[in-house]
Amino acid sequence: MSVIGTASHLNLAADTLPPLVARAVDTARAQDFAYSCRPEQGRLLHALAGGARRIGETGTGCGVGLAWLLAGAPDGARLVSVEADPGRARVCAGLFGSVPGVEILAGDWRRIAERAPYDLLVLDGGGMGKADGDPPADVGRLLAPGGTVVVDDFTPPDATPPELREALDGARRHWLEHPLLRTVELRLAPDLSTLVGTLRSGH
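Per our numbering, residue 53 is the first one in the sequence shown, and the count goes up by one each step.
It is worth saying that the hints were derived from the structure and are not from the lab. Any given hint might turn out to be false.
Claimed, not checked - Okay, the calculated beta carbon distance ranges per label pair:
hint : residue 1 : residue 2 : range
1    : D184      : D127      : 20 to 28 Å
2    : P209      : G153      : 36 to 44 Å
3    : A196      : R95       : 20 to 28 Å
4    : D190      : A65       : 39 to 47 Å
5    : D184      : G128      : 36 to 44 Å
6    : D78       : L228      : 32 to 40 Å
7    : A82       : A196      : 29 to 37 Å
8    : P126      : P209      : 29 to 37 Å
9    : R239      : L64       : 18 to 26 Å
10   : L64       : E237      : 23 to 31 Å
It should be emphasised that the depicted structure is a prediction, and the values quoted were computed from it without experimental measurement. Virtual Cβ for every residue (Gly too), placed ideally from N, Cα, C.
Let's have the full structure, built from the sequences with the hints guiding it.
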């Protein structure tokens, strides 16, 4: 999720986007929803989805990230996304209603556990541990053996404003030092990075 996420897709030629991504971007614009994932994040999600059959996402928004995941997922994959806002959940249920294997759940992000475990879990609307009242997701319970977690929307350390540094660095340390994960931070743009962790064998 990014404050310029929806707008950043508008700078791309529509024919360069997967069709469902373009539809989700149009939906986000129609709903005046600015906080979609950025194209840099979308391309990463697209690539990671190719190796996953069970995919979970917190924070559907208007479905842009989910559409990127769907565009990369193999045939027969199951995708579950949880959206806290009931209105947006309804909009997305309509957008993805005819797509096999997709389920939109309305409610608290913790509902993602109802369909666990996942081969790929994208934390974008809860479970990231970045804010008070948002505990980090329990990846030992939510991920299948060898599963991957993506923790979206970090600002690279050298670009983080001082007033945000403590909260983001605490969450960053949590994921980079997590005993169950092998985690790396990927810089997707000068102002954007994402953490990607894989569940260690034996867990």
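Beta-carbon spacing of L64 to E237 - inside the hinted bounds 23 to 31 Å or not: With a Cβ separation near 25 Å, L64 and E237 satisfy 23 to 31 Å, so the hint holds.
Check the following: the C-beta atoms of A196 and R95 are separated by a distance inside 20 to 28 Å. With a Cβ separation near 24 Å, A196 and R95 satisfy 20 to 28 Å, so the hint holds.
Range hint 20 to 28 Å (beta carbons of D184 and D127) holds or violated: violated (41 Å)
Given the range 29 to 37 Å, decide if the beta-carbon distance of P126 to P209 lies inside it. holds (35 Å)
Take a look at whether the Cβ-Cβ distance between A82 and A196 falls inside 29 to 37 Å. holds (36 Å)
Between the beta carbons of D190 and A65, is the distance compatible with 39 to 47 Å? Holds, since D190 and A65 (Cβ atoms, about 41 Å apart) stay within the stated range.
Outcome for the supplied range 18 to 26 Å, where the beta carbon pair is R239 and L64: holds (20 Å)
Note whether the CB distance of D184 and G128 lies within 36 to 44 Å or breaks it. Given about 40 Å between the Cβ atoms, the range holds.
Outcome for the supplied range 32 to 40 Å, where the beta carbon pair is D78 and L228: holds (36 Å)
Satisfaction of the hinted span 36 to 44 Å by the C-beta atoms belonging to P209 and G153: holds (38 Å)
Comparing the model with each earlier hint shows a violation of hint 1 alone; every other hint is respected.
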